[in-house]
Amino acid sequence: MSTTVPATGATTTPAHAKPKRARAQLSEGAKADRRLAFWLCAPAVLVMIAVTGYPLIYAVILSLERYNLELPQDTKFIGFANYGAVLTSQYWWQALWVTLIITAISVGITFVLGMLLAEVLHRTVFFRGGVRTISLIPYGIVTVAAAYSWQFAWTPNEGYLSAAFNNGAPLTNQVEAIAVIIVAEIWKTTPFMGLLLLAGLSLVPDDLLRAARVDGATPWQAFTRITLPLMKPAILVALLFRTLDSFRIFDNIFILTSGNNGTASVSTLGYDNLFNALNLGIGSTIAILIFICVAIIAVIFILGFGTAAPGSDAGKR
Amino acid sequence: MIKRRGSRSVRSRVYRIASAAAGLTLAGAALSACANANAGTGPVALNFYLYQDTSMATQDAINNCNAQSHGAYTISYQYLPQASDAQRQQLVRRLVAHDGSMDILGLDVTWEPEFAQAGLIVPWTGAYKAEAEAGTLKPALQTATWNGQLVAVPDNTNTQLLWYRSDLVPNPPTTWAQMIADAEQLAKEGKPHYIEIQGAQYEGATVWLNTMIASAGGSILNASATGPSLGAPAIKALSIMKELADSPAADPSMSVQMENQNRLAMEAGTAAFELNYPFVYPGMKLDNPTLFKSFKWALYPEVTPGVPAKVTIGGIDLAVSAYSQHKNLAFQAALCLRDAQNQLIGANVGGVPPTIASLYNNPALFADYPFHADVLSELENASVRPQTPLYQVVSIDLSHQISPATGISPTGTEQSMASQITNALASKGLVP
Amino acid sequence: MAALTVRQRTGWTTANLVVVILALIPVLWLVSLSLKTPAAVTDPSIWPSQWTWGNYSGILQSSQFLRPLVNSIGIGLISTAVSVALASMAAYAIARLSFPGKSVLIGLALLIAMFPLIALVTPMFTIERALGLFNTWFGLIIPYVAFGLPLGIYTLSAFFREIPWELEKAAKMDGATPFQAFTMVIAPLAAPGMVTTAILVFLACWNDFLLAISFTSTISSRTAPAAMEYFSGGSVFTTPTGPISAAAVVITIPIIIFVLFFQRRIVAGLTSGAVKG
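Chains as they are written, first to last, in my numbering: chain A, 1 to 317; chain Z, 1 to 432; chain L, 1 to 277.
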């Protein structure tokens, strides 16, 4: 998502060294900057903290309590016992395993397909507007609506996909159901990935690629040696957000299988324990553990991609 | 300031008198309005929460009761989501937050212990209780009882029958063993032979399990609902379920089937037997009139030959919210909503069996309910699902053990069920 | 570009067709289901054996669906406007200014983007009830704004970072106030990015299911995805395939129109300034 300088009228002075700002102590300008920054950021920070602050703290507290809405009088503080219960439960590990598989496979395939889609969107020579609109539809359609479409499609005796596979009922078999869920996820999120990759793709200068071809590079070499490295920041953002979202997959599984037959993800497991079993203690614990897992994934990404992280550099001055 | 007092003072006096007069008139009007309002305030609005009944039977009942209340109350029909779990979540979430805008609640028959234990619904006492119990079927009353108190009033109930194709099976089987044998025979002859039963991983599977265990003479929980009972009857029930799952009589989609898919499979002609609620009868009549001619019903098959099956009942009970501002009126309105006249409408228009026993002898029921005799005999001998505030957890655990049914191993499954129930009742561990 | 060979033409046509077909099949299936009579639902072909407009007339005449649709649009637009406005300000600060706590802010945004929604439902529900926000538009707008901010801040700060600092400095040297510099120089350049961000945030609000079912109880504030939970079939046991499919199609149409209008903007916004060969 970067723009280079458009050739508009504004004269651009060459990027000389930064103006002579005071380096050691805060100048008036720097102080004014800070004040401005404070006022600019305050509303956003306020909203974010006000909305999520108390729930976050409350969730952490709940995870340390034994609190079941069906037995409200038995509520008491039990320290980390909930965490012990969750981490020794087969359901948690199975859900984690399922979630990781779905995440890895769907993000991987979505990345490849998204790259292909980005190429098509970038270079296709006719019907460009139409293809772009249509390819964005899977992203725009409400997830729940799309999930119903897939569910009805795989229902024996009713669905065209089920009929294509000999009236099978893949949603009852763990492996097949997970495959169906992955397909639904890929269909839904490829446009998003494609959009973000398109932004990165458009940064790659065409003449660089042409020069490489003139020098005898194959398209694949041009792609891997030139395009990919230049797209690194866009790829990071795309992969990061997509992985974080995919790990918390909920809507598709909820509609397709309700998490039955071994297809529960960590989010549906948390939902079941929180809202069906009304076990606020265990449910909150699961949520906190999900958060920790997601945080670990984010850290791995940012460490892995390093300086390409947004906001990590001091900003181009 | 002493300023031109003359004209001003006259004017101001006029103004003062005029405003005083106006004020008095207004006050008087307000007072009389108040008086009128107090004398006959408009009807109290009672909010009745239930899933949307598209058959209009519930709306008819509401209209009847509003008319009969003579202005005392107006029941307003508030919709809950269609799915049972979603309904429960909405109700619990709002009641736990002391929502005062809910008065009458339409509860599934398994929720009463949970809601009552958490103090979300109020017990029925005195005259209301007497009226609720008069002439009501005992198993239905059992679902509305918790800790010796009546916490709701049964509205409608539901029970499964054995539906079969008389062109394939002239004499219906009376036991499970016989039914499976008949189906296998049909399979050998190359005729439609499936036995349709709800085998998906959901509440319907728990209902099937409960029916089988109760029919085998046992129960899922012990008498005080503090631990599992299971044992030999459970092992017997599980072996029959396993036998069905392994036989050619099992529908290949059994592990994903719910009531509606069973109905559709029967209507499509691939099945010979079906264990389902009476809603399949008008469905078959409408969708497959040819097949309808040989579509017959019988009593639910026995587990132990000679011992009638104890089929698990479903249905709706009406409860009054503990946070309602108009509890008295809510009790009266609830009693009206489920009185004999409205239950008859529910049966004929809505297709749900009544809970008032005398209605089964009422000829007005017979036209749309030719199977009323079998339904009544099953209802009088029915079983209910385990009564515990932790029923949801127990049910989820159980349904995951028995679905897909091919994964059942009679002794092994019985043991893991027992340990899971013990954990569930101690509120330990996770639900899948 | 040079004239295309036949091979290139067919290549691109094929690629276009593949994208279009793959993207549209599930949507076509929904349309097909929405036109089927209940009896035809059991026939698995994409082409309905029996047609009816009944599903559409049913839901469009029912306030149970129309009002949620209006709610979705209204809540989505308001949430998007507020979220993008707040995110722009913060993103500008992140991209342009140096201040202590910048990485904390970015970390906070990421934290919120990562936190599982299920854990927040119960406490947020309690707060909303206490504040009287339950079952109101604001009850959904406020969480949506909060959850749209991280995405907005990230996207926009990346955009702002790419706009050369020199433009602003030049404007300031010409005598413009910071505000004027922002509105007359930066904003037009950032417009494509803001449109893209707005679209992403709007779609996130439009899509939300969990908060919509948890924080609403009547159609006065229920949104379209939650409304589908209330559709009923012929009996308690029947899935209302027709009405759900019709509703799914109806809530997709505004998005299709939206995307049709803005796809040029979206893609232009993402690729503006690409160095022309």
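These are calculated hints, taken from the structure and not from any lab test.
There's no promise every hint is true.
To be verified - DEER-style ranges, computed between Cβ atoms: (1) A295/A x T10/L: 47 to 57 Å; (2) R7/L x A268/Z: 45 to 55 Å; (3) E184/Z x V175/A: 52 to 62 Å; (4) A164/A x A426/Z: 43 to 53 Å; (5) T406/Z x L303/A: 44 to 54 Å; (6) A268/Z x I292/A: 41 to 51 Å.
Beta carbons are placed, not taken as given, at the ideal position from N, Cα and C, and that holds for glycine.
Hint check:
Against the hinted window of 47 to 57 Å, the Cβ-Cβ separation of A295/A and T10/L comes to about 48 Å, which satisfies the hint. Judged by the Cβ atoms, the range 45 to 55 Å given for R7/L and A268/Z holds: they are separated by roughly 50 Å. Our hint of 52 to 62 Å for E184/Z and V175/A is violated, since their Cβ atoms are close to 30 Å apart. A164/A and A426/Z have their C-beta atoms about 47 Å apart, which keeps the hinted 43 to 53 Å range intact.
Remark: the range hint 44 to 54 Å for T406/Z to L303/A is upheld by a beta-carbon distance near 46 Å. Taken as a hint, the range 41 to 51 Å holds for the pair A268/Z and I292/A, whose Cβ atoms sit roughly 49 Å apart.
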